[in-house]
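Go by the hints and put chain W onto chain A.
2 protein chains.
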Amino acid sequence: MPLCVKPVRPDDLHAFCVEAMLKAGMDRADADITAEVLVATDTWGTYTHGTKQLRPLLQSYRDGRMDLHAKPELVGQGASWATFDGHHSMPMPASVLAMTAAIDKAHQTGIAVATVRNSGHYGAAGYYAHLAARQDMIGLSFTNVDPCMAVPGSRGPVLGTNPIAYAVPAGDEPPVMLDIATSVVAASKVFALRDVGKPIPDGWLVNADGLPTTDPTGYPAVGALLPMAAHKGYGLALMVEILTGVLSGGAFGNGISSWGGGPVAPVSQSHTFIAIHIAAFEPVADFKRRMDELTRQIRSAPKAKGSDRIYLPGEMEHESRQRAIEDGMALPDHVMLRLQGMAEDLGLDLIRIYGQHAAGGATRKERHG
Amino acid sequence: MPLCVKPVRPDDLHAFCVEAMLKAGMDRADADITAEVLVATDTWGTYTHGTKQLRPLLQSYRDGRMDLHAKPELVGQGASWATFDGHHSMPMPASVLAMTAAIDKAHQTGIAVATVRNSGHYGAAGYYAHLAARQDMIGLSFTNVDPCMAVPGSRGPVLGTNPIAYAVPAGDEPPVMLDIATSVVAASKVFALRDVGKPIPDGWLVNADGLPTTDPTGYPAVGALLPMAAHKGYGLALMVEILTGVLSGGAFGNGISSWGGGPVAPVSQSHTFIAIHIAAFEPVADFKRRMDELTRQIRSAPKAKGSDRIYLPGEMEHESRQRAIEDGMALPDHVMLRLQGMAEDLGLDLIRIYGQHAAGGATRKERHG
Chain A
68 MPLCVKPVRP DDLHAFCVEA MLKAGMDRAD ADITAEVLVA TDTWGTYTHG
118 TKQLRPLLQS YRDGRMDLHA KPELVGQGAS WATFDGHHSM PMPASVLAMT
168 AAIDKAHQTG IAVATVRNSG HYGAAGYYAH LAARQDMIGL SFTNVDPCMA
218 VPGSRGPVLG TNPIAYAVPA GDEPPVMLDI ATSVVAASKV FALRDVGKPI
268 PDGWLVNADG LPTTDPTGYP AVGALLPMAA HKGYGLALMV EILTGVLSGG
318 AFGNGISSWG GGPVAPVSQS HTFIAIHIAA FEPVADFKRR MDELTRQIRS
368 APKAKGSDRI YLPGEMEHES RQRAIEDGMA LPDHVMLRLQ GMAEDLGLDL
418 IRIYGQHAAG GATRKERHG
Chain W
68 MPLCVKPVRP DDLHAFCVEA MLKAGMDRAD ADITAEVLVA TDTWGTYTHG
118 TKQLRPLLQS YRDGRMDLHA KPELVGQGAS WATFDGHHSM PMPASVLAMT
168 AAIDKAHQTG IAVATVRNSG HYGAAGYYAH LAARQDMIGL SFTNVDPCMA
218 VPGSRGPVLG TNPIAYAVPA GDEPPVMLDI ATSVVAASKV FALRDVGKPI
268 PDGWLVNADG LPTTDPTGYP AVGALLPMAA HKGYGLALMV EILTGVLSGG
318 AFGNGISSWG GGPVAPVSQS HTFIAIHIAA FEPVADFKRR MDELTRQIRS
368 APKAKGSDRI YLPGEMEHES RQRAIEDGMA LPDHVMLRLQ GMAEDLGLDL
418 IRIYGQHAAG GATRKERHG
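First to last, the protein sequences are chains A and W. Note that the first sequence covers residues 68 to 436 in my numbering. Note that the second sequence covers residues 68 to 436 in my numbering.
For reference, chain A alone in the conformation it holds in the complex (with noise of 0.2 Å):
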């Protein structure tokens, strides 16, 4: 039988971050953006980026790799650019306002960047990617991720998993989304089935000798990640450790540490978010019938032999996000696991995921109708 034992509404579990973040004595304006990020991303089904996240956080905190009292800090910034000092504070509220400020030069100028040092785990890269698309910009979210990867001709792990994510936006069909480690898988796949005792596929690990290995176990502290296609990922890796990392004047390659596991030091992840202003260029409306016709071009293709549909990027998470809306989630054990987890640190009550008044027996839909 599942852990989730009914639906979970995203208002509740916003709440329930909210709650524990408080707890954790996080002030509440800061609190409810990162429950923003983790429960939006929740709701495309991302569960290994959402929720989940948020009992190592808040460890993060407590071991002291990060700095719960700490804000964000402005120290640079031009007519198209940012530069943001973490000062290694709670990362989503750090990255969504500099993806903020990149969305506000690019209203100015046509394109902004904004970078982030001195950050830590941003969860979803595409959530940053869709505020912006939100605003009817392009959106892009990279950051650095501590090594956990090996490129060709290394033994163990050089660079991180450094995702890329972009967001667009459309007209009557949905927006599209891609968020994608470098590496062949991220690396919360691997915990995700680590986790619950199972072997992961062919390809995704090396182990200590450099070779391929389908046993997770000793990862991350034995083996590495594979690069997606090979050289390829790699060049893709290493151009997000530059975007990030380098350009921001933050820390690089194994100038990263570990935010969830190995030696307490300080994170220091860079995050860079960049906006593209497409009304510069055209108008909305033609772009958003443009990116329609381009959709429909892609999902009217041709079928191969045992498919049935294509699906654009993005497409899946949008219709995962309809159905939490409608109907609320059944969070995953490994997502349920770390929740109650955090809620035994925090001496909360893990059935308030359920509603407000969970505890007395009636969620809120039924309460209101």
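Certain hints may be false.
Identical chains blur together in the list; that is why a pair holds if it fits in one copy or across any two.
[Unchecked claim] Derived SDA-like pairs: lysine to any residue, alpha-carbon spacing no greater than 20 Å straight-line: (1) K90 - L135; (2) K370 - G277; (3) K370 - D276; (4) K370 - E360; (5) K256 - A297.
Worth flagging that the hints you see were computed from the coordinates, not collected in a lab.
Here is chain W on its own, set in the frame of chain A:
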């Protein structure tokens, strides 16, 4: 015995290509820029995208796919953006113009983006990125390509091989440069093997039934390339399609025609260039020192069994260029055949690739020393 009987100096190959373009009716300024792009690409060892492309480019003018006498036009601009209409002119001058505009604007604002619509095959995407790196900027370069790649769930071509390129300056170390198709391989690599009657490795192509094949003979009329890393390459190819064709107001998806085969129709590729002004963020010397540090970190990582060197992206190309400048280039047969064909098309002496006075038996090096 190889067709290239002695090393070809880059300057001599440049002069030969300019001569061909003048004979075909191009003006000298555009011919010089185009030769520079193609010969630089050969010096990097990227022979699939170098002077080999000049014959089919000139053929595409004779066919009416492009317009030899057209000039690119600036049709819109702002503080950090510009849009050009290529009017089906030679793509290299239009692309250099657009990247130069992006660089100039980024000097003022920190980052800028420029698009070109109604263009064609612009050669190696990395060339334009490298123009920005030479100006102490981070350069990005993208182009859409006529559909020749399947996407997950499709039977035939849906998107082009839409490349992504970037270049970043370093200090004492070589600049980093990546130029990758978002397909498993570039179409030109299939053509290079097809043209010499060799099979291709498994996993590059699907046949007319959507099934994997090692037979390239029918391609591109039949079959489709596969995207790198499945949905990841698909998503990145779509990002390029949006940043180029959709954002530029140009053609996209099945609105793009092949520049080198199939029915004669306007090519209508679009390109997008982004330049990021490093000096806005930090002193360039600091940035370059950090790039050197990152390069050395990666290069000195423990090696995998059977590997004795880790290359940075662009390092092989950098070394190839040094050798080409010092010792000349042994052009591969597939390049020589194209140059020979072009010489026949235009009534030129192919022997001129060995130097202006090659017919007299002396290379310039011999003459000067």
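Cross-check of the supplied hints:
1. K90 - L135: For K90 and L135, the Cα distance is within 20 Å only inside one copy (12 Å; across copies 70 Å).
2. K370 - G277: So K370 and G277 pass the 20 Å test across copies only (9 Å; inside, 38 Å).
3. K370 - D276: For K370 and D276, the Cα distance is within 20 Å only across copies (10 Å; inside one copy 42 Å).
4. K370 - E360: within (18 Å within a copy, 48 Å between copies)
5. K256 - A297: both (19 Å within a copy, 17 Å between copies)
This entry satisfies every hint, going by the numbered hints stated previously.
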